[in-house]
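Q: Read off the chains here:
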Amino acid sequence: MTFREFILSRVQLFFFLVTLILAASAILGGILMPEKELHYYHLFSPFIIAGLCTLPSCVTYFRREPTLKQYIFRLVTQFLLTEGVVMLLISPPDNIGDNRMLFYFLLGGAVLIIYVLATLMMWYQKYLQSRQFTQQLKKLQASEN
Amino acid sequence: MQTKITRIQRNQPEFLEIHCHTVNDEVREIIAFVKSRQGQLTGTADDRLYEIAVSDIFYIESVDNKGFIYTKEKVYETRQKLYELEEILKEKHFLRVSKSTLLNLMKVNAIKPALNSRFIAVLYSGEQVVISRKYVSELRKALKGDH
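Protein chains in written order, with our numbering: chain A, 1 to 145; chain B, 146 to 292.
Just chain B, same shape as in the assembly (with noise of 0.2 Å):
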């Protein structure tokens, strides 16, 4: 695929266009990387396509290879890998807390202790998230601001 970017006014709104001949996995990754940059993520639940707001996202959680974006209500399946998300949301406040999972610290209500070393991160909305062992460093990190 090739790129063009063209310089335009200040006054004018910055869009993307792609010109493809079909919509495949490569130009919907393209598409879910822009809008995760702009703050929303697309993910699939009943077979239909989702625009997620970040700001409304607890965690996100990969299993056998596939991701998962959880809110409140819905579960999401995301294309995107954990790592690029990692990298995309680590600005909005979303920490890696374990090998598969991308915690919203906006989300997390309490933290409390468990066994064996880990941390437990009690959601808004009921749900409790592992903090392992090894991530707890990161953890004091990022609530110290040094994140």
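Isolated chain A, as found in the complex (with noise of 0.2 Å):
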């Protein structure tokens, strides 16, 4: 992957997870503030916090190819620094009272579901191409037999 195609992926993620994030603030709002009333600053959130949390992303970029091991330390790492990332801008409501922990479980556990499904998304994308290249491979040997 060459730095341009790395940089159009982190777009990629960070718009999927903008959807995500929509999607995650709007289940668990429901669930936990249902009553909350929400500015139009409020919209800039999922955009922030999807920005700030493809940043870790980066650490998943190697100019050198790397080994299995190296591959897997980085994504543990990636995920690891957006959990930390999400745990400090999201901070519980006032009237929250003793669910404290519920809430940073339920949140933690958001991140956990938004990154695998994101780590899914590259996977299957990755699975489209190598489809699309096994198809362009067949149509050049059917053309050189």
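Worth double-checking, as some hints may not be accurate.
What the hints assert, rightly or not - Label pairs and their computed distance ranges (CB to CB): (1) B:254 to A:43: 48 to 58 Å; (2) A:131 to B:244: 19 to 29 Å; (3) B:201 to A:121: 34 to 44 Å; (4) A:48 to B:254: 22 to 32 Å; (5) A:23 to B:254: 36 to 46 Å; (6) A:73 to B:178: 41 to 51 Å; (7) A:33 to B:285: 46 to 56 Å; (8) B:153 to A:135: 42 to 52 Å; (9) A:131 to B:157: 43 to 53 Å; (10) A:69 to B:267: 21 to 31 Å; (11) B:160 to A:73: 58 to 68 Å; (12) A:142 to B:151: 38 to 48 Å.
Derived by calculation from the structure, the hints in this document are not laboratory data. Only a predicted model underlies this, so the values are computations on that prediction, with no experimental measurement involved. Note that beta-carbon positions come from the ideal geometry of N, C-alpha and C, so glycine has one too.
Quick one: dock chain against chain with the hints and give me the complex.
A: Laid out in structure tokens, this is it:
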């Protein structure tokens, strides 16, 4: 993957995260704070959070070919950094009372689900690319034979 | 070694004649180069010299500065360097897919995704060859016909 391709994939990840964060906000907000009123400036939150959560994914860029161990280590680092960023960014509402732990637990779970979905999406994209390669390969072989 | 080129009539077959004191590595290299240009590579296996048709080669690998040619049934050792073979075989749909591997695209059955941004080429022989992240863009170009 060239640096340009890497940046493009990060942009895709950013918009995917924006979508998922919006969905997670709607679901979690509906459960935890159904009466809460939001202002227009709250609409920027998914973009800010997605932007900050995309930054840790930069640790997965390698100039040289990584080993499997290095790759997994970087993925885990990325996940932990993302969890850290989200935990720092989002604080529980004042009226939550004794449910602070539950709030952080749900938040951590939501980040995990989003992370797994994003990773699966990237993998699916790669699967589609490999299928396209195979189809092009068959065409090339047919034209040569 | 001196060289002499003689032009011949179109109806006469072209040939290369080498006059040498001994058949040494240098001479063998020249012979191997000429044959590779004609769609054949020279390789050794079981202390015997073989002519290998390029169309029979699945992939060529370099291990510890030694070149190995893989066909469906046999592995041959070659004296030619990987970069030399890459140059000679690029017209014949061979592509560098990693630092040490030259792959014959005509022998690839499917391409599968792999971890750490790599792909795996599954050959008709059932063998699998790793396509490094760095060479994926080259593969894309080659399959689009830009190579």
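Q: Which of the stated hints cannot be reconciled with the structure, identified by number in ascending sequence?
A: 4
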